[in-house]
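J.: Going line by line, the protein sequences match chains A and B.
Take 185 as the starting number for the first sequence in our numbering and just add one per residue.
Take 573 as the starting number for the second sequence in our numbering and just add one per residue.
No lab work stands behind these hints: they were computed from the structure.
Just to be clear, a hint being listed does not mean it is correct.
No more than 35 Å apart at the CA atoms, straight line, and that leaves these computed lysine-lysine pairs for DSBU-like [to be verified]:
#1 Lys679/B x Lys710/B
#2 Lys696/B x Lys209/A
#3 Lys679/B x Lys691/B
#4 Lys264/A x Lys654/B
#5 Lys691/B x Lys710/B
#6 Lys691/B x Lys203/A
So the derived label-pair ranges between C-beta atoms look like this [stated by the list, open to error]:
#7 Gln187/A x Asp617/B: 51 to 61 Å
#8 Gly658/B x Arg193/A: 40 to 50 Å
#9 Asp576/B x Asp237/A: 24 to 34 Å
#10 Ile241/A x Pro587/B: 33 to 43 Å
#11 Asn216/A x Lys691/B: 22 to 32 Å
#12 Arg193/A x Phe618/B: 41 to 51 Å
#13 Glu205/A x Ala584/B: 37 to 47 Å
#14 Ala206/A x Asp656/B: 44 to 54 Å
Note that beta-carbon positions come from the ideal geometry of N, C-alpha and C, so glycine has one too.
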Amino acid sequence: MNQAEVQERVVKILTPWVKNEAALKSVSAETNILDDLKVNSARLVDVVIAFEDEFDIEIEDEDVDSVNTVGDAVGLISSKLG
Amino acid sequence: MGRDLSPAETLALVPQQEPFRFIETIDELDREHIVASYRFPEDADFYRGHFPGNPITPGVILVEAMAQAGVVAQGIYLYALKFDAGELEKIVTVFTDASVEFTGTVKPGQRVTTTGRVKFFRHKKLRAEVEMKLDDGKVVCSGELAGMGVPR
Numbered sequence: 185m186n187q188a189e190v191q192e193r194v195v196k197i198l199t200p201w202v203k204n205e206a207a208l209k210s211v212s213a214e215t216n217i218l219d220d221l222k223v224n225s226a227r228l229v230d231v232v233i234a235f236e237d238e239f240d241i242e243i244e245d246e247d248v249d250s251v252n253t254v255g256d257a258v259g260l261i262s263s264k265l266g
Numbered sequence: 573m574g575r576d577l578s579p580a581e582t583l584a585l586v587p588q589q590e591p592f593r594f595i596e597t598i599d600e601l602d603r604e605h606i607v608a609s610y611r612f613p614e615d616a617d618f619y620r621g622h623f624p625g626n627p628i629t630p631g632v633i634l635v636e637a638m639a640q641a642g643v644v645a646q647g648i649y650l651y652a653l654k655f656d657a658g659e660l661e662k663i664v665t666v667f668t669d670a671s672v673e674f675t676g677t678v679k680p681g682q683r684v685t686t687t688g689r690v691k692f693f694r695h696k697k698l699r700a701e702v703e704m705k706l707d708d709g710k711v712v713c714s715g716e717l718a719g720m721g722v723p724r
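One chain only, chain A, in its complex shape (with noise of 0.2 Å):
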């Protein structure tokens, strides 16, 4: 799977969480998931054990805090998958 597959399939499941919509019309791997995307923070565990979920992969509870931007989940997730 190539980064811009593992980018929309992030971008799909952070859909639901997101309050601010127009923002997901320009996502890129710059765009901060809290602060651009406007996802509660309380919210952050749920979408990294969605993560788990779609991509069948095991995310370390310490690498929750390391996921800043959209950029930040793809790299994670895509470490993971080898």
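Since chain A is already given, all that's left is putting chain B on it; use the hints.
T.: Coordinates of chain B only, in the frame set by chain A:
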């Protein structure tokens, strides 16, 4: 390292107190579930307004009671397994979200029993399926509640 708290020790650490405490006993508690109960006092102040002449326990209070058992008390137990007492004292559990359905009412003086089942406990966030029943077994409220530990 953390330790396995008894139901009584866990109950003593629940921070909510009168008149906003809706958990009286913890009857069962382990890593996966909790059973707690509470009897709503007939003279609780909110019955004066909800509703005059027809007192019914407000739904938001039922949800709070479910959260105090299924999220706060269960969360304290799970944090205690993981963190030492010093760390535990620095954390307070905040309610983050809920999706519930009401299927009955609770009158003044009735006792409710709340059962919570842990869906996940990750990165100080707890999500649980919670159900509240009356003594006759009737389910009055059920749904999914979540909370997370944040610094005090």
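J.: Against each hint, give a clear statement of whether it holds in the structure.
T.: Now the hints, each set against the structure:
1. Lys679/B x Lys710/B: It holds: about 13 Å lies between the C-alpha atoms, which stays within 35 Å.
2. Lys696/B x Lys209/A: Satisfied, since the Cα-Cα distance of roughly 32 Å is no more than 35 Å.
3. Lys679/B x Lys691/B: Roughly 30 Å separates the two Cα atoms, so the pair holds.
4. Lys264/A x Lys654/B: Cα-Cα ~26 Å, so holds.
5. Lys691/B x Lys710/B: With Cα atoms ~23 Å apart, Lys691/B and Lys710/B stay inside 35 Å; holds.
6. Lys691/B x Lys203/A: holds (25 Å)
7. Gln187/A x Asp617/B: 51 to 61 Å: holds (58 Å)
8. Gly658/B x Arg193/A: 40 to 50 Å: Check passed, 41 Å falls within 40 to 50 Å.
9. Asp576/B x Asp237/A: 24 to 34 Å: With Cβ atoms ~30 Å apart, the hint holds.
10. Ile241/A x Pro587/B: 33 to 43 Å: holds (36 Å)
11. Asn216/A x Lys691/B: 22 to 32 Å: holds (28 Å)
12. Arg193/A x Phe618/B: 41 to 51 Å: Hint holds: Cβ distance 47 Å, inside 41 to 51 Å.
13. Glu205/A x Ala584/B: 37 to 47 Å: Cβ of Glu205/A to Cβ of Ala584/B: about 45 Å, so the range 37 to 47 Å holds.
14. Ala206/A x Asp656/B: 44 to 54 Å: Roughly 46 Å apart at Cβ, these two residues keep to the hinted range, so it holds.
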